[in-house]
Amino acid sequence: MVSPRAKRPVIIAILLTLFITFPTYYYLIATTDSSEFTTHDSITKPTVFIAANLYNNEAILEEWTKQLNRIIDWLSPARVFISIYENGSTDRTKPMLQAYDTYLSESKVQHQIVAANEAKYQGRRIPALANIRNQALKPLHSTQMHFDKILFLNDIIFELSDAVSLLMARGGDYDAVCAMDFFGEFYDLFATREVNGGWVGSGNYPYFEDKGSRELLANGQLIPVYSCWNGMIAMNAEPFIKDLVAFRAILPDEPEVPREASECCLIHTDLREHNYTKIFINPQVKVAYDPFHYWYARYIIPLWNIFLAPFNNPASMTDDEKTKWDSQIKTLTEKHGIDVKDTICLWK
186 MVSPRAKRPV IIAILLTLFI TFPTYYYLIA TTDSSEFTTH DSITKPTVFI AANLYNNEAI
246 LEEWTKQLNR IIDWLSPARV FISIYENGST DRTKPMLQAY DTYLSESKVQ HQIVAANEAK
306 YQGRRIPALA NIRNQALKPL HSTQMHFDKI LFLNDIIFEL SDAVSLLMAR GGDYDAVCAM
366 DFFGEFYDLF ATREVNGGWV GSGNYPYFED KGSRELLANG QLIPVYSCWN GMIAMNAEPF
426 IKDLVAFRAI LPDEPEVPRE ASECCLIHTD LREHNYTKIF INPQVKVAYD PFHYWYARYI
486 IPLWNIFLAP FNNPASMTDD EKTKWDSQIK TLTEKHGIDV KDTICLWK
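Numbering (my numbering), first residue to last: 186 to 533.
Nothing false has been slipped in among the hints.
With a Cα cut of at most 25 Å, we get these calculated SDA-like pairs of lysine to any residue:
1) K293 to N238
2) K323 to D455
3) K463 to K526
4) K526 to A500
5) K427 to D524
6) K230 to K251
7) K427 to N319
8) K427 to R264
9) K427 to N316
10) K230 to E423
11) K427 to L314
12) K520 to D455
13) K323 to N241
14) K507 to S387
Estimated spans, in silico, between C-beta atoms of each pair:
15) G357 to F492: 32 to 42 Å
16) K293 to D511: 50 to 60 Å
17) H459 to G405: 24 to 34 Å
18) A494 to K293: 41 to 51 Å
Derived by calculation from the structure, the hints in this document are not laboratory data.
Glycine included, every Cβ here is placed at the ideal spot set by N, Cα and C.
When you get a sec, could you build the whole thing from the sequences and use the hints?
See below:
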């Protein structure tokens, strides 16, 4: 083990380098578009069903719709359908969405915006979230449009280039590609599982316990994972249309469960059941839930990662913890009736 005294010169050198290079680094990042596709009109663009669930999002909604309009302009109105399902907001989200509904109609963009009056959720959180996500997908099955991709957005701060980078990943040859979302640290550990099905090793860089994933991360390449969501996800539309894959919870009729699983992880279990297994995270696409953390994720975290890289060794569980967890899994499946295939998505 390296002693704290031995680490000190390395830390000082890193901090000095960061101090000297930060102005140039900040300028380059701020003036570089993260997507090579946003200025190319000659590429083949997909037809996209854009879905979102909103609740009390007055603070970010103006910027959110601005970036959504940029996606519409980039795709063209003929290649997009907007579906927004809002429920229970107590701020100005509803009237703002009503105005946006009018704007989309005047812009001849096919869309459906539902402003429901029920509370955000009642009872267990995950079955309620699964339901409202499915509500946002409802027009997928009633419109006459053909869709190549689904782009699902949370109430995030993002830019056009973030969405385009996901939509155009691998030339469209994927079943799901996620951003990384940040609230200081990598945020959506609840829904994300590493390529081997294990929990993500750490909320801090290099995040992954799997060494192959770390190498891809260091090179800025797509990282195969078992599941992800992370605030923004582009998905193959086929399994939702052809196979009727939908969001769900474990034991949805039970008022309480001993362990919960994210509907945004379980959706990947069901995709895999239908052999849709090309699921990735794009570590270059960073989103957040307010302007400060978006700025922090784009400009500060990459610098902080340089400091963390030599010292952070992510590990989701010790051997003893894994033994105890395996015993709990046996109880959860045998006593509580949780499906074995869903245990990967259970939260610790």
